Amino acid sequence: GAVVSQHPSRVICKSGTSVKIECRSLDFQATTMFWYRQFPKQSLMLMATSNEGSKATYEQGVEKDKFLINHASLTLSTLTVTSAHPEDSSFYICSARDVTGQGLYEQYFGPGTRLTVT
Amino acid sequence: QKEVEQDPGPLSVPEGAIVSLNCTYSNSAFQYFMWYRQYSRKGPELLMYTYSSGNKEDGRFTAQVDKSSKYISLFIRDSQPSDSATYLCAMSAQPGNQFYFGTGTSLTVIP
Chain C
1 GAVVSQHPSR VICKSGTSVK IECRSLDFQA TTMFWYRQFP KQSLMLMATS NEGSKATYEQ
61 GVEKDKFLIN HASLTLSTLT VTSAHPEDSS FYICSARDVT GQGLYEQYFG PGTRLTVT
Chain V
1 QKEVEQDPGP LSVPEGAIVS LNCTYSNSAF QYFMWYRQYS RKGPELLMYT YSSGNKEDGR
61 FTAQVDKSSK YISLFIRDSQ PSDSATYLCA MSAQPGNQFY FGTGTSLTVI P
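Chains C and V, in that order, give the protein sequences.
Everything in the first sequence is counted per my numbering, starting at 1 for the first residue and increasing by one.
Everything in the second sequence is counted per my numbering, starting at 1 for the first residue and increasing by one.
Hints in this document: simulated from the structure, not taken from any laboratory.
It cannot be assumed that every hint is accurate.
[Stated by the list, open to error] No farther apart than 35 Å at their CA atoms in a straight line, the calculated lysine-lysine pairs in the DSBU-like style are these:
hint: 1; chain 1: V; residue 1: Lys56; chain 2: V; residue 2: Lys2
hint: 2; chain 1: V; residue 1: Lys70; chain 2: C; residue 2: Lys41
hint: 3; chain 1: V; residue 1: Lys2; chain 2: C; residue 2: Lys66
hint: 4; chain 1: V; residue 1: Lys42; chain 2: C; residue 2: Lys64
These figures come from a predicted structure and were not determined experimentally.
Chain C on its own, in the form it takes in the complex (with noise of 0.2 Å):
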């Protein structure tokens, strides 16, 4: 199946700091890719769709100004958490999608990047 990075894995950052977290598609190109957030014991909740050229599309709730979006390519999408704040500890994951063979899309996901804010 197709493979899906992030980087970094983890990263403690300090209150009040940014912290970008990038998603690349290593083996197709994505003109849409997904963030999600999940916290612990908790499903994946969607936070915003990324679409390669355009302005990304944020999920009810979801701050835009506080987590930057930004999908410069076809195989990259990073996500900016701006000034963050311990309640952004979470578990972050994106997804890319990708046409399979049958013509149908597939998400493939990355292996999620670990935010602590102390």
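Knowing the structure of chain C, use the given hints to seat chain V on it.
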């Protein structure tokens, strides 16, 4: 009401047992149903992908969809310790569009 309901468990079974994992949903527009396996501190990996109602089998895994009851299941036969993980169901109305995830069921297979 949540879009997708899934019993979080935890579920603990002996090696070799048949495991049944289930999700219910409320949105009748869902047509694409997925099961993901997620190991601790890792991203989800796709196990099974089904469209509309019916069964799909892949090795020891069988996915069932009953759209009339808005109920989907994943069966694992001859469960192995390596199957120990969290299993998430996901569904969408259109392929590649927004996924709605269940909370995940934590499974432990005891050797």
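>> Taking the earlier hints as the rules, which of them does this structure contradict?
In response: When the structure is compared with the hints, none of them turns out to be violated.
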